[in-house]
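Enquirer: Residue numbers (the numbering used here), protein chains in the order written: chain R, 1 to 275; chain V, 276 to 509.
Calculated from the structure, these hints are not laboratory results. No false leads were slipped in.
Restricting the straight-line Cα-Cα distance to at most 20 Å, the calculated cross-link-like pairs of lysine to aspartate or glutamate (EDC-like) are: (1) K151(R) <-> D125(R); (2) K151(R) <-> E102(R); (3) K203(R) <-> D107(R); (4) K151(R) <-> D213(R); (5) K151(R) <-> E165(R); (6) K203(R) <-> D278(V); (7) K151(R) <-> E89(R); (8) K203(R) <-> E281(V); (9) K203(R) <-> E470(V).
As the structure is a computational prediction, the values presented were derived from the model and not from experiment.
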Amino acid sequence: MTTRGPMVALACALLCIVSTAPARAAEVMRMAVTTSFHNSGLADVLLPQIAEDLDLEVQLLVVGTGQAIRLGEAGDVDAILVHSRSAEEAFVAGGYGTHRREIMYNDFVVIGPAADPAGLREAADATGALRAIAEAEAPFVSRGDDSGTHKKELSLWSDAGVAAEGDWYNAVGAGMGAALNTASGLGAYILADRASWLNFANKGDLDLVFAGDPVLFNQYAYLPVNPERHPHTRHALALTLEDWLTSDTAQVLIDGYTIGGETLFTFNADQGAGQ
Amino acid sequence: MGDLWEGLTRAVWLVLTLDPDLMEISARSLQVTLTALVIATAIALPLAALLSVRRFRWRRAVIAVLNALMGLPPVVVGLIVYVILSRSGPLGVLGLLFTPTAMVIAQVVIIVPLIASIAHQSLRELWQEYHDLLISMNVTQWQKISTLLWDGRRALLTASLAGFGRAIGEVGAIMIVGGNIDNATRVLTTAIALETGRGDFALALALGFVLIGLAVGINLAIHWLGRTEREGRW
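Make a model of the complete structure from these sequences and hints.
Expert: Take a look at the structure:
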């Protein structure tokens, strides 16, 4: 049985690999966040500070707003940080979350081919910009994944009074980065949040063609999951995290976070509110 | 081409500098996949041997189903495991969703039919050779199975490696049940998906090359340890 020895060695090696690594902080909680928040890179600034200040490891599930809300409803996370006001209010009204706390905002921008065939740079407001795309039937990529960005896009189309359908309208059903990749490949227009756009590496021929309309502001809110509905959730930790996210430390980090000299997020939490 | 070249150089650089993040997610990839492989092999091989030596009523149906399940779409397996393990699902109290354990469960479900089908193919032929001998020796069912498994070990190794190959490169299911949480459930394949989403193709490719290298390395190591394909012995 000359083969036995190596086989035993192999089994031992497997067992060594299988026995796993320990946790890094004393406490762990889970938070569902939107892709736009995570792709911006802000999480990489906030999480280490949270770990240091609170000895709390926040595990992020990076999903679209639609899925984040589903995760909260199912009790699979302890809190959610999303940006779609109507969905958030329905979440609280349905008893899934205890309350809604605004944290910060950034803004949406319209990205398109640098040549700007539909002439968005001359548009007066956001609805005018979208109308110009529809009139020119220029290719447009939609997230199509029920995310906050997608919901915003749909509400803008309805404000513009344009039916978003036709060969030029491509709903890709993907996250922000994947949708930007598609737009880059197609030379298409797309609605993106500024943070994801600035952090996106595969810009290709794309450029920022429209921004600045107040209707494009994008409010992020923090919602702890209701412990009465899901007793296993770590509600106390969720509240501790909320206090931190609305603290002066967080304000300095959020307002001070820039990419290429541009500020991405504006802290606007009401520090007297909350529970 | 630029991205490909940059990906290659980044891969070499990440490996040479023993990049801590890379080491961590690679170790987790191996940990999840090898655990799943050990469990799946322990289920699939005896099952394959049993299907070879036992004659029972639904045997053909079971074999046909196993063969069909080789093509099980991982994303559907992921979704089913997710719904079962979710806090609102039947096994929610276990709190396993978004843990490496959930990823192992999904991978086991995906590769058991594959390993069992391939193992069954080769054991069936071996059984045809051994049938008369073993029957005449009047051995027990258990002895038949263990003889088949031991004498067919080289073919079974191939079956297991096929399972390993499918599991280590799997992304659809473990993305859903693991959640791709940094420092907790991020593995090589989900990290590649993430970096692609961020548009960092070079880093995504670099991780891809590391993944391929890891898969090839593990296969070579197992072949070497198992002493297959050695000169003068097959």
